[in-house]
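Novice: Now for the letters of each chain:
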Amino acid sequence: AQKVTQAQTEISVVEKEDVTLDCVYETRDTTYYLFWYKQPPSGELVFLIRRNSFDEQNEISGRYSWNFQKSTSSFNFTITASQVVDSAVYFCALSEARYGNKLVFGAGTILRVKS
Amino acid sequence: DGGITQSPKYLFRKEGQNVTLSCEQNLNHDAMYWYRQDPGQGLRLIYYSQIVNDFQKGDIAEGYSVSREKKESFPLTVTSAQKNPTAFYLCASSIDQEGAAYNEQFFGPGTRLTVL
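Chains as they are written, first to last, in my numbering: chain A, 1 to 115; chain B, 1001 to 1116.
Note that these hints are calculated values from the structure, not bench results.
All C-beta atoms, glycine included, are put in the ideal place defined by N, C-alpha and C.
Any given hint might turn out to be false.
FRET-style restraints, in silico, Cβ to Cβ [unchecked claim]:
1. S1080(B) - A81(A): 46 to 56 Å
2. T1086(B) - V84(A): 23 to 33 Å
3. E1015(B) - N67(A): 26 to 36 Å
4. S1080(B) - I60(A): 42 to 52 Å
The shape of chain A in the complex, shown without the other chains (with noise of 0.2 Å):
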C-alpha cells in the first residue's frame, strides 16, 4: 500500500540554522516518484522537487538539498541557513506508475523559523 509518514509534526528554529525534514515512504511499486511541496501561509502549495526511482542523486538548489535513499525508504529534505521566509508547512507526496497522477500526501511538517 501507498503510505507517506513524515513523523515530525513542528519543527522550531532560529534563523540560519540548518534544518532537515524527514520523509519516509512505503510503495509496492518499482517506478515511483517523490515529491515535496511547501504550504506558506497563504495556503497555495508550491511544488519543489520531484524525484523517479531510478535516479537516487541528491539535489541541491541554492540552500535546498533533498537526499534520496531507496534502501531506507526516505526523501529528506535539508533547508541550509534557515531564513524566516522559510516558515511554511512542507509535504512530502508519492505517486505510483500503476496509479498515475494520484498524489498520496504525507500529514506534513510545520517548520517555523524565528529570527
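Chain B: place on chain A using the hints.
Specialist: Showing chain B alone in chain A's frame:
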C-alpha cells in the same frame, strides 16, 4: 498569468445546505483534482478528472459531487450528506499525458469552508 483560481477564499454555510466551490484553470491542463486538508492530516483526495465529462472518486468521495463539463472548470459540491464539511479545500491541475505519475500538480489558493 496562467494559474488556478478558487473562489471564494472563505465560505460560510448553515448545516444542511449544499454548497459549490469553484475551481478554474487556464493552464490548458487535462487533469484536475480536489483535495481536502484538515489539521495534522495532510491532503486527502476527494475526486479527480483526467478528461472532460469523466471523473473518478478519490479516497474520501462520500458526501461530495463534481462535474467536468469544460476543460478549464471543475466545481465541487459539498452536499448535506457530508458529515463534517468544515475544512480547507484545495483544487489542483496537471498535464495528464495519459495519467503519467511524474507530472507535478499545480495548486490553487484554496477555499476555507466553515459550516455553522
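Novice: Look at the Cβ atoms of S1080(B) and I60(A) and judge whether their distance stays inside 42 to 52 Å.
Specialist: Holds - the Cβ-Cβ distance for S1080(B) and I60(A), about 50 Å, lies within 42 to 52 Å.
Novice: Would you say the C-beta atoms of E1015(B) and N67(A) sit inside 26 to 36 Å of each other?
Specialist: violated, 47 Å
Novice: Confirm or reject the claim that S1080(B) and A81(A) have a C-beta distance inside 46 to 56 Å.
Specialist: Taking Cβ atoms as reference, S1080(B) and A81(A) lie about 50 Å apart, which means the hint holds.
Novice: So the hint says 23 to 33 Å: do the beta-carbon atoms of T1086(B) and V84(A) match that?
Specialist: holds, 30 Å
The structure fails hint 3 only (numbered hints given earlier).
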